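Visitor: Top to bottom, those sequences are chains A and D. Each step along the first sequence adds one to the number in our numbering, with nothing skipped, and position 104 is 104. Position in the second sequence (first residue = 1) + 1000 = our numbering.
What the hints contain is simulated information worked out from the structure, not anything from laboratory work. These numbers were taken from a predicted model, which means no experiment stands behind them. Hints are not guaranteed to be accurate.
[Said to hold, decoys possible] Calculated lysine-lysine pairs in the DSSO-like style (CA-CA distance at most 30 Å, straight line):
1) K73(A) with K1064(D)
2) K1066(D) with K1055(D)
3) K16(A) with K1055(D)
4) K1064(D) with K16(A)
5) K3(A) with K70(A)
6) K1020(D) with K1055(D)
7) K1055(D) with K1014(D)
8) K70(A) with K1020(D)
9) K1014(D) with K16(A)
10) K1014(D) with K1042(D)
11) K1041(D) with K1020(D)
12) K1064(D) with K70(A)
13) K70(A) with K16(A)
14) K1066(D) with K1020(D)
15) K1064(D) with K1042(D)
16) K3(A) with K1041(D)
17) K1064(D) with K3(A)
18) K3(A) with K1014(D)
19) K1066(D) with K1042(D)
20) K1041(D) with K1064(D)
21) K1064(D) with K1020(D)
22) K1041(D) with K73(A)
23) K16(A) with K73(A)
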Amino acid sequence: AQKITQTQPGMFVQEKEAVTLDCTYDTSDPSYGLFWYKQPSSGEMIFLIYQGSYDQQNATEGRYSLNFQKARKSANLVISASQLGDSAMYFCAMRASYNAGNNRKLIWGLGTSLAVNP
Amino acid sequence: GAVVSQHPSRVICKSGTSVKIECRSLDFQATTMFWYRQFPKKSLMLMATSNEGSKATYEQGVEKDKFLINHASLTLSTLTVTSAHPEDSSFYICSASAGVRIQETQYFGPGTRLLVL
């Protein structure tokens, strides 16, 4: 069964420091993609970064980078130089090449609540 | 990134009435749209997936007659909550995708907060 696990319900970080949000996944499919989204208190879901299973390098997008360890099946999100506006829920999600049906829906983790302290 | 709008952002209705929520992709053609429900401090729960021009695929446990989904064009999908009851009160959020490739990103609307009195 395909599954995403985020083991940190809540995290605190000091402003300007880096923080790592954990995500492990489970799939038997060799082809899959991993996504991270941010959800502020306003409710909108903001796409942050994507990592494909065959990508040779870790994905980076501005202050966001993905620490992709395929053998460990982990795809941790690293936020560098945290800002107050980074306080939000962060969700890890996965899409594999095989899902029931043809729509390849995303499998979601339970999320991690990040609070950035001034 | 691509822009998805959702309307209304908030709605309060009486029990027994129907509520329609619109989801629009503003700058791309969305072959697939997804409707989610989210309870406070919980993850997203997929309700259904809709492809343009075809019937929606509902997740197990979601009543298709209660949550009517229409994806009439490549830029518009609607969710109608029929005969709403207080237990339908929730945050509903849609997403749109230009395709179903693995790397295809789902872009989300801002969500709709529904309160049924």
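Visitor: With reference to the structure, classify each hint as holding or not holding.
Guide: Comparing the hints with the structure gives:
no. : hint                   : result
1   : K73(A) with K1064(D)   : 36 Å, violated
2   : K1066(D) with K1055(D) : 15 Å, holds
3   : K16(A) with K1055(D)   : 48 Å, violated
4   : K1064(D) with K16(A)   : 47 Å, violated
5   : K3(A) with K70(A)      : 15 Å, holds
6   : K1020(D) with K1055(D) : 17 Å, holds
7   : K1055(D) with K1014(D) : 28 Å, holds
8   : K70(A) with K1020(D)   : 43 Å, violated
9   : K1014(D) with K16(A)   : 47 Å, violated
10  : K1014(D) with K1042(D) : 25 Å, holds
11  : K1041(D) with K1020(D) : 24 Å, holds
12  : K1064(D) with K70(A)   : 38 Å, violated
13  : K70(A) with K16(A)     : 29 Å, holds
14  : K1066(D) with K1020(D) : 12 Å, holds
15  : K1064(D) with K1042(D) : 23 Å, holds
16  : K3(A) with K1041(D)    : 19 Å, holds
17  : K1064(D) with K3(A)    : 26 Å, holds
18  : K3(A) with K1014(D)    : 38 Å, violated
19  : K1066(D) with K1042(D) : 22 Å, holds
20  : K1041(D) with K1064(D) : 25 Å, holds
21  : K1064(D) with K1020(D) : 14 Å, holds
22  : K1041(D) with K73(A)   : 26 Å, holds
23  : K16(A) with K73(A)     : 28 Å, holds
When held up to the earlier numbered hints, the structure conflicts with 1, 3, 4, 8, 9, 12, 18 and fits the remainder.
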